[in-house]
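Asks: Construct the complete structure from the given sequences, taking the supplied hints into account.
Residue numbers for the sequence shown follow numbering that gives the first Met the number 0, beginning at 0 and rising by one.
Simulated from the structure, these hints should not be mistaken for lab results.
All figures in this text were calculated on a predicted structure; none of them were measured in a lab.
Ideal Cβ positions, reconstructed from N, Cα and C, are used throughout, including at glycine.
Hints may be right or wrong, so weigh each one.
Using C-beta positions, here's what the derived DEER-type ranges look like [to be verified]: (1) Q35 with Q99: 15 to 21 Å; (2) H133 with P1: 33 to 39 Å; (3) M41 with S155: 30 to 36 Å; (4) S155 with G126: 19 to 25 Å; (5) T167 with A39: 34 to 40 Å; (6) A54 with S98: 38 to 44 Å; (7) E92 with S155: 28 to 34 Å; (8) G126 with Q99: 18 to 24 Å; (9) A109 with H133: 31 to 37 Å; (10) D64 with R26: 23 to 29 Å.
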Amino acid sequence: MPLTFLTGGARSGKSARAVLMAAASGRHVTFVATAQARDAEMTDRIRLHRAERPARWTTVEAPLDIEPAIVGVGAGSVGIIDCLSLWVANLLERGDSASQIDEAAERAAAACATSTTDWFVVSNEVGMGLVPMHPLGRDYRDRLGRVNATFSARASLAQLMVAGRALTLGDHNLDLQEENP
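Replies: Set out below in structure tokens:
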């Protein structure tokens with residue numbers, strides 16, 4: 000079934016688009032949430048996101064292990080993962096290595112792409128700004144960039160959200176090793 004990858008900056012409309020697209024399907028939706036409410040501000044953000052989606056949807060909390068949540072969604076339904084950005088932060092905080100994160104992302108992306116469920120996967124694009132000053136910030140940016148590329152490569156549709164507008168990203172099958180004519 001199709002995998003749609005939605006990326007963009009903070010508050011660019013990624014999550015809202017995923018919710019609208021999933022709701023438009025008319026099918027049962029499972030929402031895989033990766034956020035953890037560790038402070039009042041994050042608790043408010045989670046509350047706002049919950050208010051954006053219908054109460055009849057199933058929510059699965061999966062801050063660390065998203066692959067079992069993906070595999071557990073019923074055939075012919077729709078799934079949303081929101082978001083890879085927090086998932087990668089959670090994995091880094093747990094102490095996962097770069098290779099562990101890459102392997103987990105590959106397994107999760109493959110599970111989405113081969114699933115009998117339509118998936119909408121949301122992630123922030125953090126690699127377009129300044130180079131972070133601190134090693135952890137650089138590591139996070141690099142890890143998330145690789146995870147985003149992994150999901151985008153498996154997606155039948157990848158879109159960049161900017162100011163509430165969706166820009167469809169081009170062919171991911173280009174051979175970047177070939178020399179341009």
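Asks: Hint by hint, note whether the structure agrees.
Replies: A quick look at each hint next to the structure:
1. The supplied range of 15 to 21 Å is met by Q35 and Q99, whose beta-carbon atoms lie about 19 Å from each other.
2. Taking 33 to 39 Å as the suggested C-beta distance range, the pair H133 and P1 conforms, at roughly 38 Å.
3. The hinted range of 30 to 36 Å is satisfied by M41 and S155, whose Cβ atoms lie roughly 32 Å apart.
4. At about 23 Å, the beta-carbon gap between S155 and G126 stays in the expected band of 19 to 25 Å.
5. Between T167 and A39 the beta carbon distance is about 37 Å. The supplied range of 34 to 40 Å therefore holds.
6. For the hinted restraint 38 to 44 Å between A54 and S98, the CB-CB distance of approximately 40 Å keeps it satisfied.
7. Our hint of 28 to 34 Å for E92 and S155 holds, since their Cβ atoms are close to 32 Å apart.
8. Here the CB-CB span from G126 to Q99 is close to 21 Å, well matched to the stated 18 to 24 Å.
9. Checking the proposed 31 to 37 Å range against A109 and H133 shows it holds: the Cβ atoms sit about 32 Å from each other.
10. At roughly 25 Å, the beta-carbon separation of D64 and R26 lies within the given 23 to 29 Å, and the hint holds.
When each numbered hint is compared with the structure, no violation occurs for any of them.
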